[in-house]
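Q: In case you want the letters, here they are:
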Amino acid sequence: MSRRTSQGASTNRRHDFGTRQVRSLLVAVLVTATAVSAPASLPAQAGEVVTSRNVTLEERTRDVASQLRCPVCQGNSIQDSPSELAQEMKGVVRDQLAAGKTPDEVRQYFVDKYGEWILLEPKASGFNLVVYLLPLVGVLVGGVIIWRSVKKWTAEPAVAEGAAVEPGAVDRGHAP
Amino acid sequence: MNWKRAASASIVAVPIILLLGYGMTRDPKEIPSPLPGREAPAFSLAVFAEGVGAQRRAVGDTVRLAEHAGEVVVLNFWASWCLACRDEHSALSAVSEAYAPKGVQFYGMLYNDVPANGTRWISQMGGQSYPSLEDPRTRTAIDYGLYGVPETFFVGRDGRVAYKHVGPISAVVLARKLDSLLALPGPSRPSGGRPVGEPVGEPVGEPARSVAVPRAGR
Numbered sequence: 000m001s002r003r004t005s006q007g008a009s010t011n012r013r014h015d016f017g018t019r020q021v022r023s024l025l026v027a028v029l030v031t032a033t034a035v036s037a038p039a040s041l042p043a044q045a046g047e048v049v050t051s052r053n054v055t056l057e058e059r060t061r062d063v064a065s066q067l068r069c070p071v072c073q074g075n076s077i078q079d080s081p082s083e084l085a086q087e088m089k090g091v092v093r094d095q096l097a098a099g100k101t102p103d104e105v106r107q108y109f110v111d112k113y114g115e116w117i118l119l120e121p122k123a124s125g126f127n128l129v130v131y132l133l134p135l136v137g138v139l140v141g142g143v144i145i146w147r148s149v150k151k152w153t154a155e156p157a158v159a160e161g162a163a164v165e166p167g168a169v170d171r172g173h174a175p
Numbered sequence: 000m001n002w003k004r005a006a007s008a009s010i011v012a013v014p015i016i017l018l019l020g021y022g023m024t025r026d027p028k029e030i031p032s033p034l035p036g037r038e039a040p041a042f043s044l045a046v047f048a049e050g051v052g053a054q055r056r057a058v059g060d061t062v063r064l065a066e067h068a069g070e071v072v073v074l075n076f077w078a079s080w081c082l083a084c085r086d087e088h089s090a091l092s093a094v095s096e097a098y099a100p101k102g103v104q105f106y107g108m109l110y111n112d113v114p115a116n117g118t119r120w121i122s123q124m125g126g127q128s129y130p131s132l133e134d135p136r137t138r139t140a141i142d143y144g145l146y147g148v149p150e151t152f153f154v155g156r157d158g159r160v161a162y163k164h165v166g167p168i169s170a171v172v173l174a175r176k177l178d179s180l181l182a183l184p185g186p187s188r189p190s191g192g193r194p195v196g197e198p199v200g201e202p203v204g205e206p207a208r209s210v211a212v213p214r215a216g217r
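As you go down the protein sequences, you meet chains A and B in turn.
If you read the first sequence in numbering that gives the first Met the number 0, its first letter stands for residue 0, the second for the next number, and so on.
If you read the second sequence in numbering that gives the first Met the number 0, its first letter stands for residue 0, the second for the next number, and so on.
Possibly wrong hints are sitting among the right ones.
Simulated pairs of lysine to aspartate or glutamate, DMTMM-like, Cα-Cα distance not exceeding 25 Å [stated by the list, open to error]:
1) Lys100(A) x Asp86(B)
2) Lys163(B) x Glu115(A)
3) Lys3(B) x Asp142(B)
4) Lys122(A) x Asp62(A)
5) Lys100(A) x Glu87(A)
6) Lys122(A) x Asp142(B)
7) Lys163(B) x Asp79(A)
8) Lys100(A) x Asp111(A)
9) Lys163(B) x Asp178(B)
10) Lys150(A) x Glu120(A)
11) Lys101(B) x Glu70(B)
12) Lys3(B) x Asp86(B)
13) Lys101(B) x Glu38(B)
14) Lys101(B) x Glu66(B)
15) Lys122(A) x Asp103(A)
16) Lys100(A) x Glu57(A)
17) Lys122(A) x Asp79(A)
18) Lys100(A) x Asp142(B)
19) Lys163(B) x Glu133(B)
20) Lys163(B) x Glu87(A)
21) Lys163(B) x Asp86(B)
22) Lys163(B) x Asp62(A)
23) Lys101(B) x Asp26(B)
24) Lys122(A) x Asp26(B)
To be clear, the hints were calculated from the coordinates, so they are not data collected in a lab.
Assemble the whole structure, with the sequences as input and the hints as a guide.
A: See the structure below:
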């Protein structure tokens, strides 16, 4: 048993050694490849920086646009709406983000123009809290109703059975 | 015991029914505008249809809202593809002509359309007494919180949006609103920038009726 254990440990050590070797080899290859290709890849990296900036702007635009309601479709965000007004509004979002405004400032611009209606998710403050709290209250009230109903349904048959059992039978059950 | 159940059910059901009832009285397409009472968004737009008479502006001229500090300005957003805009065109043209001597300036604001179509439409409608401006990329329309056409904004002498009318507007409503704005005192500052005064009084006029919205994916 102990020999088998020591054999297993030895196999594991060999396995660990092999993995370590492969890992070291891979790291060496990667470092060499990076060192060799670094000068050639510099212009490409510069290009990638510009592209990634655009991607970030586009992602931020999408993020803000998906939170704003389309005035034409009303059920859709300006991100999802194909209407021209929604596309122009998305352009305003993009322009304002590119000009350095924060997503909150962009959202506030649209709230100033269209009111809070423009936000697909209303702010969780003031009267709007009802929207967020009402479902929770509903779930709680529903839970209490279900709990009480289930308790009642499960309790009633037990009482009925108890009433049907003769007192003598119960006494017999408790007798030593 | 039953009355307790009935009371519990009523406590839950009555507010829901009242809420639904309140919802039924409201038009889900009508968007409440936060603009009335606030300073009118500034714009600088080019004229593409010159108008006639006292309000005439040459095609290509740049119109700035700031030029009209201390005056009542009416901005009517419209488009050649908007059927409801046809209903209000004659009223706007007639009232604009009648109120020009009182210092009221009307502007048509082309929305989501090209000037060539706008010019053709004005010609088909028998002309327009006031100039129309093009709004590239609908930036000014978005600045005014527009969601369809026609929509008409009344800017008071204090430079604030006094009223927004959604849907075609009648001559009676136009005249009533303009009279109420002209009756208000002018800005306290004689010149220079947008005067800031108290918000104008409660707007008068008919409630909004209908509005043509551009078709999705046009």
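Q: Next step is simple, just say for each hint if it's right about the structure.
A: Verification of the supplied hints:
no. : hint                  : in the structure
1   : Lys100(A) x Asp86(B)  : violated, 41 Å
2   : Lys163(B) x Glu115(A) : holds, 17 Å
3   : Lys3(B) x Asp142(B)   : violated, 55 Å
4   : Lys122(A) x Asp62(A)  : holds, 16 Å
5   : Lys100(A) x Glu87(A)  : holds, 17 Å
6   : Lys122(A) x Asp142(B) : holds, 22 Å
7   : Lys163(B) x Asp79(A)  : violated, 28 Å
8   : Lys100(A) x Asp111(A) : holds, 15 Å
9   : Lys163(B) x Asp178(B) : holds, 16 Å
10  : Lys150(A) x Glu120(A) : violated, 38 Å
11  : Lys101(B) x Glu70(B)  : holds, 9 Å
12  : Lys3(B) x Asp86(B)    : violated, 58 Å
13  : Lys101(B) x Glu38(B)  : holds, 22 Å
14  : Lys101(B) x Glu66(B)  : holds, 16 Å
15  : Lys122(A) x Asp103(A) : holds, 12 Å
16  : Lys100(A) x Glu57(A)  : holds, 14 Å
17  : Lys122(A) x Asp79(A)  : holds, 21 Å
18  : Lys100(A) x Asp142(B) : holds, 16 Å
19  : Lys163(B) x Glu133(B) : holds, 20 Å
20  : Lys163(B) x Glu87(A)  : holds, 22 Å
21  : Lys163(B) x Asp86(B)  : holds, 18 Å
22  : Lys163(B) x Asp62(A)  : violated, 31 Å
23  : Lys101(B) x Asp26(B)  : violated, 36 Å
24  : Lys122(A) x Asp26(B)  : holds, 22 Å
When held up to the earlier numbered hints, the structure conflicts with 1, 3, 7, 10, 12, 22, 23 and fits the remainder.
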